[in-house]
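Position chain Z against the provided structure of chain A, taking the given hints into account.
Protein chains: 2
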Amino acid sequence: MTKIPQNHPRYKSLIARNKLVEASNDGLLAQSAMIAHGRGEAFDYLLGEKTSESANLAIKEVAYRLKKSKKPIISVNGNTVVLAGEGLIRIAAVLKCPIEINLYYGTKDRVVKLLELLKAQQLKVSRELPPIGWTGNWPESVISVKILGQEEDGRIIGLEGPRSICSADGIQDADTILVPLEDGDRCEALVALGKVVLVIDLNPLSRTSRKASVTIVDEVGRAVGVLLDEIVNEKYIRNKWNNELILKDALEIISKSMEIF
Amino acid sequence: MTKIPQNHPRYKSLIARNKLVEASNDGLLAQSAMIAHGRGEAFDYLLGEKTSESANLAIKEVAYRLKKSKKPIISVNGNTVVLAGEGLIRIAAVLKCPIEINLYYGTKDRVVKLLELLKAQQLKVSRELPPIGWTGNWPESVISVKILGQEEDGRIIGLEGPRSICSADGIQDADTILVPLEDGDRCEALVALGKVVLVIDLNPLSRTSRKASVTIVDEVGRAVGVLLDEIVNEKYIRNKWNNELILKDALEIISKSMEIF
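Protein sequences appear in the order of chains A and Z.
The numbers in the first sequence follow our numbering, run straight up by one, and end at 261.
The numbers in the second sequence follow our numbering, run straight up by one, and end at 261.
Chain A extracted, bound-state conformation (with noise of 0.2 Å):
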């Protein structure tokens, strides 16, 4: 792997593109997986590889939905736990809600492999000071983040096949899910199903942006960043959501990025 420059303009992209490489050499990833992230690496290059105003609204709504949802669960797939893994355990700590391994094209091997990694990832995070502005056990609340995945035990109505797959315990029986990177047909399926479905999705043309109850346009290790402190320290006056606005905004960033000449 090339030793990239600190100074590098597109530094963190790079970084997470590595992280990514390394994560499919170990075979953490689905074959397609980083071709996703490619097609996420042009979304937030023409974003200009930053969280947006109406991003850091859409991570307010979220971490609002959050916070007063009875049963939250944070669905992750392969790329999700390389880029933000870390990020969500400790959301999850701080909520006291668990983490359910989904893979849209999943096979047992590799929910194996995403669990340990999950596994080790919690064990650093249950290490680390505690999120400014919280208070309590950290360590114990890290911990006791459940990882769910394995179960396999509980089914996604209107969807058919493997797709169909999560546990009875987690999305499932859940209210609100948090799940970044998520294909379309699951978003629709879970939005259906009455479930809120918060997203974090760089694309704002793509069937899941537009299918969610609330949608982050943004990096998802930016916006795991942001999201925590945001549940954390909540400031948020909040109003009636309207995901269209968020999602015409991002367009419009993107469409200004085109008028270089």
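Please note: incorrect hints may appear among the correct ones.
Each pair may be met inside one copy or between any two copies, as identical chains are not told apart.
[Stated by the list, open to error] With a straight-line cut-off of 25 Å between C-alpha atoms, the simulated DSS-like cross-links for lysine-lysine are: (1) Lys256 x Lys50; (2) Lys108 x Lys3; (3) Lys71 x Lys96.
Since the hints were made in silico from the structure, they are not lab data.
Relative to chain A, chain Z alone:
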């Protein structure tokens, strides 16, 4: 690999993706090749997955420049061979020019594997009917196409390290280079050497797109098909070339694709 129904709205894009995944499994591609393909997919999606009128104009200009060139060459990397190898062999047969395998992150093993794939493609193309409008001995013309890349006896002045390696009788000596999917640094170095650099790049904002003599903003497989026809059946009345106008048009198409709400 999932079977894709022929009536899928994004059938061609998904077929291309599968080809890349298979080639990657066979060790033909660099680690970041899939990510690069994903970036391309995102831009193609924003461009409507079709050859625009301005791309068509750029293809005509590229055909003109290749035909008037004294020493043209086609430079290919892994993704290019997988996505458009056969089409480029047809073009090389018509132009009577060599193809050079020239990799940004090259290994001898990958060069050999790509050479084998190109040879197989060459054999297949030699057994086809000639392109409509072309006359001559097609099998002989196809089999005569020289495939360079193992010589490593030339240098691209202005670059350092392995990236500077090329064939003395290929890129080093050529006056005009058709190089789909080129890296920005190399595009710049080739232009600085006074060569005519003709690129195919889906990102109209990339350094390659902006530095090239002529930029075809289109998917490589699609563009190469149109280019062959253009080379064989010249109908082009040429004006002064303004590459910036072409890039501006592509940016406008992307910008318009954002106006969906």
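Going through the hints against the structure:
| no. | hint | verdict |
| --- | --- | --- |
| 1 | Lys256 x Lys50 | both (15 Å within a copy, 23 Å between copies) |
| 2 | Lys108 x Lys3 | between (33 Å within a copy, 22 Å between copies) |
| 3 | Lys71 x Lys96 | within (10 Å within a copy, 68 Å between copies) |
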